[in-house]
Structure formats: structure tokens, C-alpha cells
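Just so we're aligned: 169 in UniProt numbering is position 169 of the sequence shown, and the numbers increase by one with no gaps anywhere.
List of simulated lysine to any residue pairs, SDA-like, C-alpha gap at most 20 Å: (1) K185 - D157; (2) K51 - S107; (3) K51 - A33; (4) K51 - R28; (5) K51 - N7; (6) K185 - A173; (7) K51 - E103; (8) K185 - D101; (9) K75 - R27; (10) K185 - E143; (11) K75 - F158; (12) K185 - F158; (13) K185 - L139; (14) K75 - L62; (15) K75 - V61; (16) K51 - L62; (17) K51 - A108; (18) K185 - A137.
Because the hints were derived from the structure by calculation, they are not lab data.
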Amino acid sequence: MLTIYGNLQSRTSRCLWALEELGLAYRREPLVAASEQTRTEDYLALNPSGKVPTLVDGDFVLTESVAITYYLASKAPNSLWPTTPQALARVFQWSNWAATDLELPLSAIMREMRRSTVAGTPPDQDVIGTALSTAAATLGSLETYLAKGPQFIAGDDFTVGDINTAVSVSFVAPRVDMAVYPATKAWLERSFSRPAWQRVQANG
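Input sequences plus hints: build the corresponding full structure.
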């Protein structure tokens, strides 16, 4: 059986969503990101970076949420993994965009929050404001693409690209005015209304 390490309030949610969409049997070890749980000798033997998620499939161990979703979706024919080069390229394009361009400013916010906690001082609102402005501007790329008509990232079918991208956008959405991005907002609602995501949420 597959084992996934990580908590829902992290990028592990991508992996849990993919597992539920695919109907795969799995065991979950809900380790909290950046906690003592991920610093144990046993866990570091699986993931030397001490981060989540980590997937264990027999003797095969894989880290990094996007890589894990690709692995799960490509193991056997299914609708999450497109069969045409063009659709698969869209999956790669937007998954990479989400994990880099969109999440980079969010990382700046998290670093500032950690710095302020350690220093015992209020967060620098200029740093946070600049990062949020960058994230909001970055969302414009996705809005332009979705406004052209595709229901999902790779076309009319929901794929692993939607999972990877939607999770990243969900980190940004509460912090920006999503009314400015109507196509993205509608796509996000379509994606998160899926039964598989509802099961992930219900399982905590």
C-alpha cells in the first residue's frame, strides 16, 4: 500500500487529492510540516530535507509534491494524465508556473513571518505588501489563459495540472481580490467542488 507523509495544511494536499481522484488505497501519516515530527531519524532517512510530503511505494521513495502527483497520475491510464502531447505540455506548464512563479512571493511572506516570530517584532508590512502585489500580478497570467475558454488547465478535462495549480492558487486567493480574476475564480470553484477534494477535506 502507498504511504503518504504530511498534513493537509501543506503541499501534501496535492498528493492526497490525486490519491482520492485516482481511487488508490493509501495510508496517511499526518506529519506536521516544519515540526519535530519531520526531524526524527526515521523520517530524515526517507526525506533528508525534513520536509513534507514524502511518498513511499514499496521500496520506492519520492519527495516533492508535484513530482509525486505526476508519479501517481502516470502509473496507469487515467483521466488525470493526458494522452496528447499538447495537453500534457499544459499540465507541465501550469504546474511549473504554480510551483515557481506563484509560490515564490508566498515564500517571501513565510520567511518574513518566521523572521518576525524569531525576532519578536511585527512583520514588515512593506515586505508582505510587495510579495502580495507580485502574487496578484502573477495571477494575471492564469486569468488571461482561462478567460480564453478552457474549463480546466489542459482543456475540457480535469487533470493533475489542475490539482497542482489549484492548490497553489488557494494559498494566494484569500489574500487578494479574486473578483479581479473571474475566470480563475470560477475554475477554482469547479476544481474544489469535486468529490475527491471534498473527501480530502472530510478526512482532515
